[in-house]
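Residue numbers (our numbering), protein chains in the order written: chain A, 1 to 684; chain B, 1 to 684.
Quick caveat, the hints were computed from the structure, so don't treat them as lab data. Every value quoted in this text rests on a predicted model; they were computed, and no experiment measured them. Some hints here could point you the wrong way.
In this list, chains with the same sequence are indistinguishable; a pair is considered to hold if it fits within one copy or across any two.
What the hints assert, rightly or not - The calculated lysine-lysine pairs, modelled on PhoX-like cross-linking and capped at a C-alpha distance of 20 Å, are: (1) K515 <-> K432; (2) K684 <-> K228; (3) K289 <-> K432; (4) K358 <-> K126.
Number of protein chains: 2
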Amino acid sequence: MQKKFLLLSLVLPTLSLAAEGMWTMDNLPNNKLQAEYAYKPNAEWVKNTMLSSVKLPGCSGSFVSRDGLVMTNHHCASSCIEQLSTAKQNYIEHGFLAKKREEELTCPALELNRLEEITDVTEEIKKATAGLEDGKFKQAQNAISNRLTSACVGEDKEKTRCDIVDLYHGGRYHLYKYHRYADTRLVWAPEKAIAFFGGDPDNFNFPRYDLDITMLRVYEDGKPADIKYFFPFSKIGPQEGELTFVTGHPGSTQRQLTVSQLNSLRDIGLIDGLQHMAELRGVLTQYRKTSPEAARTADQMLFGIENSYKAGVGRLKTLLDPEFIARKEAEELALRQFVDARPELKGKIGGAWDAINKAQERYRQLHRITSMTEGAAAFSSNYFRIARTLVRAADEKVKASADRLPEFTDNRLAGVQQMLFSKAPIYPEFEKIKLTHSLTKMREDLGTDHVFVKQVLGKLSPEQLTEKLISKTRLADVEYRKTLWNGGKEAIVQSDDPFIKLALAIDTESRNASKRMQQEVQSVVQKNSELIAQARFLQSGTSVYPDATATLRLSYGEVKGWQLGERSIKPFTTFAGAFEHDTGTAPFALPASWLAAKNKLNLQQPYNFVTNNDIIGGNSGSPLINKNGEIVGLAFDGNIHSLGGAFWFDGRSNRTIAVHSAAILEAMDKIYNAQELLKELSSK
Amino acid sequence: MQKKFLLLSLVLPTLSLAAEGMWTMDNLPNNKLQAEYAYKPNAEWVKNTMLSSVKLPGCSGSFVSRDGLVMTNHHCASSCIEQLSTAKQNYIEHGFLAKKREEELTCPALELNRLEEITDVTEEIKKATAGLEDGKFKQAQNAISNRLTSACVGEDKEKTRCDIVDLYHGGRYHLYKYHRYADTRLVWAPEKAIAFFGGDPDNFNFPRYDLDITMLRVYEDGKPADIKYFFPFSKIGPQEGELTFVTGHPGSTQRQLTVSQLNSLRDIGLIDGLQHMAELRGVLTQYRKTSPEAARTADQMLFGIENSYKAGVGRLKTLLDPEFIARKEAEELALRQFVDARPELKGKIGGAWDAINKAQERYRQLHRITSMTEGAAAFSSNYFRIARTLVRAADEKVKASADRLPEFTDNRLAGVQQMLFSKAPIYPEFEKIKLTHSLTKMREDLGTDHVFVKQVLGKLSPEQLTEKLISKTRLADVEYRKTLWNGGKEAIVQSDDPFIKLALAIDTESRNASKRMQQEVQSVVQKNSELIAQARFLQSGTSVYPDATATLRLSYGEVKGWQLGERSIKPFTTFAGAFEHDTGTAPFALPASWLAAKNKLNLQQPYNFVTNNDIIGGNSGSPLINKNGEIVGLAFDGNIHSLGGAFWFDGRSNRTIAVHSAAILEAMDKIYNAQELLKELSSK
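Please construct the entire structure, taking both the sequences and the accompanying hints into account.
In structure tokens:
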């Protein structure tokens, strides 16, 4: 053990740093780009890229026409496609194409955002929290954040959204202003069989053969939105070694966490989380086999779980990798020594790591009850989500915006209502599966005799309580939700809906759990992370990019395969490969449309490809663009080695997986006969 | 990090060592017992204890009458009870009592063993392997083991079993000779609802209210076996603080592994293993809901998984506990320093830890394919287990005993046949669930393009292959199995049974995988563990007990509650508590027999209790006996804190959970009206 740090420099191979980084639009790595690719994006290019990029919930997308056409992944739009499907008209299975604009279908609950403006508000926020500790610190930070975002949104709540973005774990705070598109419609989606060819077995793998694309259109005032900035399509796509950019919204990386934070993440977020996910995956896998309708209603959730599960397994692998751990410990030690060697820093910052470590111990004590109550892990059901929102809205709406829970401030209310009054169907049988399972896990995780378990279950079994709740609830009825929303606290208290009563009964305990976690963990971490961020700036300046925060980032890289032991993985696949991998059985069955079009297709057309762009979950649906700002590909996945990208960028093997732009055009033309769309894509 | 060892002595509380240890019958801790309890068992007591103790597969038991009556846990005999049940006559649900001997039901596949003799064969084995490396080492060890056990069994193969027992990880090798009882019959089992009251939620918890007992009887030559040594029942049971002994067969502890072995165990055995178990648990949980028959056929396996899962979660918790890790690292460091400081040891033993570490790296590379092939993890099905046994038997039976795979040596063949020709039912629908799932995991874990996956699946999906195999197999037919067994290699090669063909097709790859693992991992670990064991003997002699190895051990302790934060857990529960915890809904529903007998029962009768005896999985079914060799309880579980007992004994909270002897007698009398059995238990 004691020799670890001595050996470090001898045993660790140097990681390629080329292509590393998810850069904010106001701090691009121009010098690196110039040095490595003799290219420097000009202001117009940057502006066009920012304004053509779109944020979807948990995903990315881009404008691809003047008339509001948005390209993203099929798996990013599939909740909309699933909600629009019925047992008789299954667009997930058969795909969808609107031949005319009037045929485009409104997504029940899909909001898109486009970043318009970035303002540095670091000084305002730090001033508001200066000298405060724990609960007071977090309270003051929430208050100033609410004030700033409310002022930013102003009167135009329907079309504007503003967020405070915490960069470098408190090193910088920026105010991001978005144009909000609430009316999104489905234009084109291929069959899931080709969008997700290879299914879970091939997820995060390459070679791949997926047409993971969907086209949406945003409307404003009932008409296709008038869009000034968009990306044109490249008809030839990229060459091996060509410089590519990915613009999108990577969700979250943990490259700047302390070792003690990484350990909590390993034990709770990953080890414990994966066990829970695995069991639920088993439940859903077996449930979906009971009927085609069970499969149709459960598959969207199952996909999400399988995707997160595989990603989690990959991330955990990195957190258990001795090479990685040694590097992190060495980095942390170096930064601590940098601080300790400077008396002016030591007194102020030196204790930050231990403070965060202590907060992690508290987190380990609190996380389970907090997750069950405030996190609603005990109540996995859309009904409960709706009930809680209604119960809390009744308490929050009457307060001044700045005093509300963050999710109910003025600038968020439009989004809350869109979710709450969505006509997206709820399937009672499926809700029963989820709720029974989550109640059972609550009893298991907290223990039979826990006071919260007794409060929730009484003498009922999880099955009995589920039955009682779901058979009597009226929350499937959107009108009833509106009545409760408009009726305020009185309507809530008088409602005899069992989910409303449940959400009401546990609200105090939930809020208390959340408060405890905020005061004793999050505030401590936030405050001390700010200190560590300061130290890091002093050590290396802003030549470092901030951890991903589900905000717009640009990464650069090039088309490039990788080496797996003695095997060279080539960067491109072709249409021919898709036909070679067709077994006729899901998830390796090409859809009928492909089999029918085989003779018309150029089988040598490059289909999927890989680049060494630095991306992470949330980048799904990101366009790959070239120096000219043309779309050369559509990112839909990372390879298995990219999963550790949450914690470090290993350029030796971390790869982005994309659909080739020319393959998209060829498929639209020869397989899907989407001539109108093709015309729209090629018009300026 | 560097300060860890300096801080160690300051921050670690001293663990209570009292009661620690699972001692072999030939090396009892007499001095400790004398010092702590002023008691020293005499030779007669030890002999009686050894010869009254019984080994069941994965469990323990004891003789309790002259006529071969055996007491164990319900959950240790439940596979027999389940195999004897049908959809119409469900003994799991309703319990079973043979009012006369003729009504006792033969268990289809349950072999019991009683230890008769222990011989030290360390010298013979070490001589046979001296100077050999890797594959040669393991080969020589197998050969001498086969020779010794064959000689030990002699001609009486039906009634004798002999095993080489590896103690102290190669520090000692003993030859254990058992009397083998192959004809075991079911005498009495209460309803599962009371045997496993509280179900999985209360498993490993206390207070508890379980009557986890079953009575079996062993027969020889068609008559109840004539037994000389057995334990009489204590009618009053134990008092708080009273000295108690547990005699039984603890399966496996890992208290003497190196840190690198603990890390492999953490990552592969536990983290990876638990994820796989959790998913299968979800599958079975959902499957059992599809029909009562599905529940009946799946519940035995589901219980096993839930039990192992919870145990695994507890064990993992210890392996992630910084206090535990620091202690293990310190212990290892101390032993290494002890070796390095002695030139005569350093050259011979100093490299052992690094060699084991290197073998662990190889293990990480090999384990997945080995587990899928040789471990048959890809083919979870009783049909496959039977097919593989038949395929291998055909190859092995023609060899000399000493050259065979260990499981086919002469002394094991009777057991192999008992399993193979058992009439235990196989449920095709349930087999499909298991096999589909395991084939799916094979594809996921090895990858779609893996050569073994392609060999097994071809172009079929896991569902299609499962259907093809199970719809055509004849292996459910015991006569067909006999034909193949007797027909030898020719019958196997000519069989068109799809499972036989599958087992045959992958046998070379499986054997190769096993061989690689033996040569490159197991042999290296075995050889170097022997060296470390030598160092440990030199450091502390045999005052240390060996890790558990599923062989007979005695542990001592006393009836004692524990402290959980500010809460004192009392050591006894009562019958009254069981009625208080009855909710009427599984798993908290008392059976009708209990409700009917409530008025007759002494509700203040102590029911379950805890002691600080050191036990582990495999001890289920062990009797607790007092100084007089009388049964005062029946161990059926450990508390949640006992799970880390795999790696260390934490006397502060590690507890054994048992049924009180007087509660057993009271229930047999007042609830089950088992007067004949009671009479038998009280006769000398």
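Consistency of the hints with the structure:
1. K515 <-> K432: Neither: 30 Å inside a chain and 49 Å across chains, both beyond 20 Å.
2. K684 <-> K228: Classified as within; 10 Å inside a copy, 98 Å across copies.
3. K289 <-> K432: So K289 and K432 pass the 20 Å test inside a copy (16 Å) and across (13 Å) alike.
4. K358 <-> K126: Neither, since 23 Å and 51 Å both go past 20 Å.
The structure is inconsistent with the numbered hints 1 and 4, although it conforms to all the rest.
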